[in-house]
Amino acid sequence: MSDLESRVRAVLHDERYAVPGPPDPTTRVAAAIRRRQRNRMLVVGVAVLAVAVAVPLVLGPRRTPDRPTGTGSSPGAVPWLDAPTPLPSVAWSSPRSATSPCVAVDLSPATVQWAPGTANGHRVLIVSVRNTGLLPCTLADPARVHGADLTTGEPVTLVGQSTTYVDPPDDPTNERPPTLLPGDRAFANVVTDTGCDGGINPHTYRLDDITVVDRRDSLGAATAASVCPIVVGPWSRPLGADALAARGDAWPIGPLSAVVTVPGTVARGGELVYRVTLRNRTGDAVDLTPCPHYTERITRASATYRLNCAVHVIPAGGSVTYEMRMRVPPDLPAGDCVLFWQLGWPNGTVVAGATGNAPITVT
Amino acid sequence: MRAPAPEAPVDRWPAPPAFDEYVRSRHAELLRFAHVLCGDPHLAADLVQDALVGAGLAWGRVRRTDDPEGYVRRAIVNRYLSRWRRLRRESLVAAVPDRAYSDAEPPDDELWRLLGTLPRQQRAVLVLRFYADLTEAQVADVLGCTVGTVKSNGHRALARLRAALGPGPAERPAARPTARPAERPAEGGDGS
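Chains as they are written, first to last, in my numbering: chain A, 1 to 363; chain B, 1 to 192.
Keep in mind the hints are simulated off the structure, nothing from the lab. Errors might be hidden in some of the hints.
[To be verified] Simulated restraints on C-beta separations:
(1) ASP3/A / ASP141/B: 45 to 55 Å
(2) SER25/B / ALA50/A: 39 to 49 Å
(3) THR135/B / VAL53/A: 52 to 62 Å
(4) ALA50/A / ASP109/B: 23 to 33 Å
(5) ALA50/A / GLY166/B: 56 to 66 Å
(6) ALA32/A / GLY148/B: 29 to 39 Å
(7) ALA50/A / GLU29/B: 54 to 64 Å
[As the list claims (entries may be wrong)] Here are some chain A residues the structure puts well away from chain B; computed CB gaps all over 10 Å:
(8) VAL11
(9) ALA18
(10) GLN37
(11) ALA54
(12) ALA83
(13) PRO86
(14) LEU135
(15) ASP217
(16) THR289
(17) PRO333
(18) CYS337
We treat Cβ as the ideally placed atom computed from N, Cα and C, and that holds for glycine.
Taking the hints into account, I'd like the entire structure generated from these sequences.
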């Protein structure tokens, strides 16, 4: 060991560099321990409080009320509820005998709205008029739509037909011609088709106005692309599910729209798993209470189930996606079909607007 | 009937008799160790207090170790070398403690002061080697570094002291009229 090391050792061990300690170190240390424990508890308490306050603040605005996370095969969707239910009896409106013809002065100006979604390439513009008179009347005069074929520049006049793709013949759910009590609405469908003719030679039409009896009402120059000629359907009055919606000021296309998303094909005898997204197009929340049911149909196969009302509030401008499952009968004919989906209230009326279609191939 | 709530632990920290006894018997020595380590009596008291509080809170675990003293000393060294503590309290001017007059050989104030100018890691090596009488391997274990680092730090520390004290076979003149100005610790020269 060098002299320097010895010197360092000596100075470090020199008792004269010792410092006097406290007279009772144990009390001092114990007090410090108690202080630190108290501080730790305080920190933990503050942390717990901060988390308790922060979590709702962080998660609250992003959370959709009553919207659980999806499970199973459809992440993000409200799970399917295996709750078959009989189709509620509908408060049918009885057909009425024809009465005096409606005159234009007793009918409100025509209003129009595109039906949500498409069915097999069809788009439907729904035209509605309301009996604003004091007496019942029958709207027998076919509607006439005036416009132009923008592709050729030729003017076009479309006269209401007795049937269209969405106005099947002998339809028991609609009265034609409609007899309207004061306040009742009549509807006519302007139907486009982009699926026929192989999808070639498309035309775009401008729909300028519609003749209601002897009065022309504007259609707002709605434009519609079509391949086949546009077809105007008959005036009709809903007798079944839409009957209540057709009363008063109610519009059959309500605040909801339904978009049906299906896989391209489904095998006969298998289970079709698909999704329906209900979108609220308004600024107010829609509460699906009482819990509605839905009807799904592929050609002649049909089933009715109760919706999973674990999520029954659709926030303003928001949407909720529900998982759906449907057993496809093994004897269902193979081919291209349309899956029809419709939401209904327990009293048998439809949830206005909550109707959708999607093409699907049965193999 | 509802059972009474347990008393808050902060109000009745159960000082284990063994810990109580340990503090009572070892506090002065730990304070001395901390003092030679840092050269500042106030910081030394702070280091010891801090280390003992940590040991007291974990006394059950500390007692199960073979070397509670080593645990506490390691805690003192770690706190001394803590970068945060270094930032909080960088006043390492070697304070010469008040002491009683003695007829014995005068204290080596200059060397004491020079020890205070060493980087902390180097000073810790010297203290652990020549005060705690640890081997280089034990010092490396306490400091959490390699033996090579311990050797290099010890070598640098002695070289720095040697250079500051000046040449001479005994490296310590019988009497120096004035102490050399304290050197500033080299930036990053702690060899860690």
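Hint by hint, which ones does this structure get wrong, listed from lowest number up?
Hint check: 1, 4, 7, 8, 9 and 10 fail, others pass.
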